[in-house]
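Asker: Sequence:
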Amino acid sequence: MKKLFLFPIVFFIAVVCFNFAFQTGAQNADDADLVSPHIVISQFQVAGGVHDDEFIELHNTSSQSVDLNGYRLVYRSSSGTNDVLFAQWTTSTVIPPGGYYLIVSSNYDGSVPGDYTYNLSTCACALSGSSGGLAVRQGGNNTGVVIDSVGWGGATNIFVEAATTGAPPANAGQARKSDGCQDTDNNQADFSTLNPAAPRNSASAPVICSGGGGTQIRASGAASPSTVAPGGTTFLPVTFFPATTPPSTDIAVSGDLTNIGGPGQQQFFDDGTNGDTTAGDNVFSYLATIPADLPGGQVSVPAVASDAQSRTANVSINLTIDAPLPGEDPLLLGNPSNATPDPANENNYLMVKPQYTLSYNRSRATANWVAWRLDSSWIGSAPRQDDFRPDPTLPAGWYQVTGTDYSGSGYDRGHMVPSADRTRSVADNSATFLMTNIVPQLSANNQGPWNDFEMYLRTVAQSGNEIYIVSGVLGNAGTIAQGRVVVPQYTWKVALVLPNGNNDLARVNKQTRTIAILVPNQPPVNQSAPWRNFRKTVDQIEALTGYDFFSAVPKNTQEIIERRMDTQ
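Here the numbering used here is used: position 530 in the sequence shown is 539, and no number is missing along the way.
Certain hints may be false.
As the list claims (entries may be wrong) - FRET-style restraints, in silico, Cβ to Cβ: (1) Ser390 with Pro352: 34 to 40 Å; (2) Gly163 with Pro539: 40 to 46 Å; (3) Asn512 with Pro352: 31 to 37 Å; (4) Pro106 with Ser233: 20 to 26 Å; (5) Asn485 with Pro352: 22 to 28 Å.
If you're looking for bench data, these hints aren't it; they were derived computationally from the structure.
No residue lacks a Cβ here, since even glycine has one placed at the ideal position from N, Cα and C.
Throw the hints in and build the complete structure from the sequences for me.
Answerer: Rendered as structure tokens:
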């Protein structure tokens with residue numbers, strides 16, 4: 010069942026190219042016309058003791074409130090090519106006109122309180138004191154629209170504008186001139202050293218900047234939610250930033266919804282109807298319903314913003330349809346616990362994603378099990394995203410485990426579907442960092458035999474095979490995250506190996522190889538022990554868990570392959 014995924018690859022490349030070369034309405038604009046539309050990085054400090062005063066200050070330069078929902082703050086090293094996530098906003102967080110917003114490290118000891126704190130011990134995201142780059146994005150790591158960026162020192166990454174600003178000395182900040190208002194997209198000209206640094210937060214006096222959008226129009230869009238199941242709805246807002254020379258009039262936005270089963274030309278609204286929240290705020294919206302039969306994967310909704318002055322700006326709104334990819338069904342061989350997508354079935358709740366399928370247990374705040382299919386087509390060159398985050402597709406009212414809930418617990422944020430099993434695209438890899446795919450795992454387990462087995466299975470997959478894998482938890486060794494998350498006593502994994510081909514279910518026979526392991530998740534665990542020391546039969550895992558693996562396989566074949574201990 011090995012497949013080619015040419016369209017997603019081409020689409021991903023196109024999206025990246027678009028976002029790094031943000032399109033506007035003028036073809037030959039001066040740098041002064043490429044200013045950020047509203048949110049800028051207005052001050053930052055990278056060194057002070059052991060990152061004790063590390064902070065980033067944002068400023069809303071406009072005369073309208075800006076909601077950070079859907080935005081993120083990312084960092085790149087001096088010559089880095091991949092984003093490191095510092096902060097992201099998944100709920101409404103409004104910066105009023107002229108307002109400031111302060112993002113601080115967990116070691117910050119400044120006198121001005123932060124509005125948002127990132128944890129240095131879990132995000133591995135300390136700023137370099139000599140050179141680097143920061144950006145505010147609307148959308149995902151590496152792919153979202155860059156709203157503003159700043160580079161310092163000798164940085165050469167994509168976030169560098171016309172020229173970098175200097176690296177601030179210890180306890181000093183680099184501050185945007187004119188109270189955070191100067192923005193010519195030349196960091197060297199726009200920033201100066203402020204010693205000592207003087208950060209501002211949401212309680213600071215606002216400063217609304219004069220000036221406007223120059224000769225160009227700009228637009229950006231991000232779906233909410235950006236991951237939606239077939240049959241669900243998603244809000245598609247496009248924010249329009251008008252020009253001032255001459256002023257924009259008769260503004261309009263139109264979207265092409267064919268990729269989500271809609272019309273090729275759909276008007277977006279700024280009149281308080283069709284999902285639009287506030288009339289006349291230059292946010293043009295449409296509430297789209299996803300067809301029940303739409304296959305899973307990444308899709309885009311192209312849109313065009315325009316004004317009566319014949320200026321246009323192109324927007325691409327990216328969506329993930331939370332359903333299996335065409336021909337990709339991790340549960341082809343059976344649903345181990347008969348999980349269902351009914352929220353009333355809260356401890357065996359079926360969640361289907363393009364990358365994997367899982368049974369979620371609300372009382373444990375982890376998956377019971379996660380299932381996926383692995384072959385060489387899933388393994389590519391996408392970098393590890395490390396964007397641990399809540400899963401927004403859990404039913405309303407359920408607690409969403411956060412990326413910091415495991416902090417100080419003594420346990421790793423252990424993947425069920427390994428990050429390295431999903432490297433075909435950034436979106437695929439990012440999906441493995443949803444906290445519904447994470448369980449509290451002892452380091453000696455996670456970084457020892459568990460990791461050893463993961464690497465072995467990838468070797469098997471890259472040798473002309475496809476593997477149906479189910480991984481899960483067993484037992485209760487206590488809780489973390491203030492009692493919200495149950496720590497398992499064991500983690501287990503079962504796998505069925507087939508040569509690449511089609512009609513997988515029909516090809517399972519009495520000689521088909523199955524592998525099962527059961528690894529203790531409490532000490533003592535020998536981190537250096539090979540995975541083969543933990544082998545079990547599939548029957549033994551079934552007896553411990555109560556699950557029925559490979560139930561779609563004919564009974565006589567199933568009995569033989571499940572009672573046979575792997576010896577390879």
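Asker: Just to be sure I understand the hint, the distance between the Cβ atoms of Ser390 and Pro352 should be within 34 to 40 Å; is that true here?
Answerer: Holds, at about 38 Å.
Asker: Evaluate the given range 40 to 46 Å for the C-beta pair formed by Gly163 and Pro539.
Answerer: 45 Å, holds
Asker: Taking the beta carbons of Pro106 and Ser233, is their distance inside 20 to 26 Å?
Answerer: 22 Å Cβ-Cβ, so the 20 to 26 Å window holds.
Asker: Is the gap between the beta carbons of Asn485 and Pro352 within 22 to 28 Å?
Answerer: 23 Å, holds
Asker: Between Asn512 and Pro352, does the C-beta distance stay in 31 to 37 Å?
Answerer: For Asn512 and Pro352 the Cβ distance comes to about 34 Å; the hint holds.
Of the hints listed earlier, there is not a single one the structure fails to meet.
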